[in-house]
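Between the sequences and the hints, there should be enough to build the whole structure, so can you do that?
Going line by line, the protein sequences match chains Y and E. So for the first sequence, UniProt numbering puts the first residue at 1; every next one is plus one. So for the second sequence, UniProt numbering puts the first residue at 1; every next one is plus one.
Some hints could be false.
Here's a subset of chain Y near chain E, in silico, CB distances under 7 Å, partners left out [unchecked claim]:
(1) Thr78
(2) Ile81
(3) Gly107
(4) Gly242
(5) Asp243
(6) Asn247
(7) Thr250
(8) Ala394
(9) Pro395
(10) Thr405
(11) Ala406
(12) Ser409
(13) Ser411
(14) Glu428
Keep in mind the hints are simulated off the structure, nothing from the lab. All residues carry an ideal CB built from backbone N, CA and C; glycine is no exception.
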Amino acid sequence: MNRSITAVLGAATVLSLALTGCSSGDDGAGADGKTTLTLAGWSLATTPEFKLLADGFHQKNPDVTVELKEYDPKNYDTQMIADLAAGKAPDIYVQKTLKNFYTYQSGKQLLDVSDVAAGLKSANGLSSYQVDGKTFAVPYRGDSWVIYYNKALFDQAKVKYPDGSWTWDDYAAAGKQLTTGLKTAGSKALGIYEHVWQSTLQGFALAQTPGADLASGNFGYLKPYYTRALDLQKAGAQVGLGDATTNNLTYQAQFGKQQAAMMTMGTWYIATLLSQQKSGDADTFEWGIAPAPQADKSTTGTAATPVTFADPTGLGINPKIDKGEIDAAKAFLSYAAGPDAAKALAAIGITPANTDAAADTIFAVKGVPTDAVAKFAFTKHDTKPENPVGKYTAPLQNILNDLHTAVLSGSKDIDAAIAEAQDRAKNEVLNK
Amino acid sequence: MTTIPAARRRRNTLLGWSFLLPNFIGFALLTMVPVVLLFYYAFTSWDMFGGSEWTGLDNFQQMVRDASFRTALGNTLYYTVFHIPLTLLAALGLALLLNKRLRGVAFFRTVAFFPYITSIVAVAQVWNMLFSPGYGPINAVLRAVGVDNPPGWTTSADWSMPAVIVVGTWREMGYFMLIFLAGLQTVPGELYEAARVDGANAWQRLRAVTLPCLRPTTFFVIVMLTINSFKVFDLILVMTNGGPGQSTLVLAQYIYRKGFEENQFGYASAVSVVLFGICFLVTVVQFLVNRRREA
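Spelled out as structure tokens, the structure:
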């Protein structure tokens with residue numbers, strides 16, 4: 001009997017060792033010269049860019065296969081941090097937002113890829129990944145926020161299309177005009193939809209206000225943007241934050257199903273809108289893009305460069321990668337940030353970091369608006385980061401998200417909310 | 001008196017251990033070790049990637065100055081103070097109601113238990129739509145009965161907590177109803193008979209027979225409810241995400257934010273230790289009170 005207990009325990013131990021052994025199995029460079037790299041991605045079924053990059057690279061380098069590892073888009077960084085800490089993360093992983101780049105970089109979870117960066121000719125947003133003269137990731141997507149507008153609804157309301165000359169006051173005035181015009185025409189659509197994210201207001205405020213600095217802990221620059229949004233909510237020209245959150249509204253449905261005549265959103269929505277119009281998830285209507293509204297007249301018009309925001313999307317290498325695979329991984333980064341991948345990405349409606357190489361390609365895609373304003377909006381902009389890289393960015397953004405929901409729900413007036421956010425920033429983050 | 005031979009006793013012990021071990025190893029590795037480590041990390045500035053420095057009481061000193069921590073603690077107490085009695089009363093009421101022999105009682109018991117096993121994300125989404133200030137049916141009914149300014153529920157800083165408490169109570173009452181139902185089966189029928197013979201009415205029977213017999217069950221329910229209330233997390237995360245502002249930010253969510261969103265695992269561990277301490281203290285007090293009553 002005793003012996004059988006020992007045998008059972010022994011068998012269990014062997015089994016558990018075998019199981020854990022299986023999961024940590026790693027296939028790197030094989031003896032036959034073939035290499036397998038792993039790449040992180042999210043929502044692979046609806047986000048084709050990862051497979052596109054993997055296949056494109058494999059075509060050029062038949063000896064290297066890139067396998068995808070899927071993550072949940074909403075919890076991408078949480079899961080990635082856990083995987084990195086556990087040593088289970090893929091060889092190459094995406095910097096989905098800049099908010100967590102500091103965490104990865106300061107936590108020594110990114111390999112120095114300065115040599116890759118040195119070989120890149122044009123890459124919007126590269127500087128965000130540079131710390132102390134070294135580069136830790138390279139951007140492959142370089143989105144920026146623009147206005148999307150529904151030409152049919154504008155025509156119905158008899159309002160002129162945005163032409164790049166708009167300040168935020170013009171935008172708000174047009175939004176109200178559209179709402180009344182559409183009502184008169186018997187449409188239920190509103191003039192504007194702004195999504196529930198804090199970035200819809202705070203991203204622009206930070207990028208466009210001279211001297212605005214997130215890390216300073218002074219948030220006075222937010223006031224005009226919130227005052228305007230509250231006024232638009234009150235006037236009924238846009239859905240209030242409360243109704244948008246309680247009903248789980250999606251911006252894809254709000255714009256795609258023609259519930260709103262215009263909205264500001266990142267250029268990533270171009271690809272989504274195209275595919276949803278094809279699949280029937282969005283109505284078929286003519287739409288356009290225009291430069292984001294500006295803080296004042298000094299940056300409007302096609303002679304100036306409009307200021308907007310967005311975080312680049314980059315690729316970095318996990319330092320735990322097999323030594324023999326580093327060269328292949330760096331070659332993948334060069335490819336992904338280079339002109340060939342830029343064209344391939346643009347062909348499916350994605351804005352690559354290398355916009356120069358891709359402009360012709362993206363405007364040749366069927367359904368993409370090709371008027372002069374759209375081309376200008378796509379190619380010319382000064383795009384500032386939404387999350388400037390820094391130690392305090394993540395906690396400060398959390399504080400500002402509380403401000404966002406408190407103000408737009410009408411629970412706090414903007415001055416009190418700013419004062420409270422500044423106090424919290426000082427006591428809980430900056431001087432803790 | 002029988003004596004068990006030493007060999008057999010050893011065999012029995014080993015046999016017992018072999019039954020215990022699989023569960024115990026899982027518990028030790030997945031629960032005990034992390035819990036013990038938590039107490040260590042509470043005194044460090046751990047960032048998850050191995051960078052961990054001993055910082056002594058720094059985390060706790062920071063907590064004293066941290067207004068958001070106080071807000072989260074206050075909100076947690078607010079939730080607890082209302083959620084416990086409401087759920088207790090609702091569960092007990094349901095149990096008494098459904099302890100009768102009536103047609104379709106099994107159906108009604110199932111209905112009452114249903115919220116507990118429904119996906120929390122779906123529940124939160126549906127309740128959010130019911131609570132929607134502009135288009136939701138709850139406010140439509142309120143307006144119809146003459147309330148001119150119905151509350152903004154989850155979109156208002158004053159009403160978001162009551163809304164969450166309502167949903168929390170609705171969700172958990174079915175589970176505790178089941179426990180009360182089980183407790184009610186243990187009340188001896190002759191006590192009711194005796195009470196009836198003595199001329200006690202329904203209310204008196206409830207006060208003098210049912211409730212005292214249910215005391216062990218009630219105690220269990222209160223302890224479970226207390227711990228559940230203090231660590232409420234998923235419901236709030238999906239319903240309000242702590243907002244608007246910080247109006248529904250609770251301790252468990254604050255820990256999640258500090259840890260998984262801001263990567264201050266040391267500080268998050270320290271807050272967890274405080275939450276553990278509160279739960280522990282309250283439970284001990286409840287035990288002591290219960291023992292004194294029983295004595």
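Of all the hints given earlier, name the ones this structure violates by number, lowest first. 7
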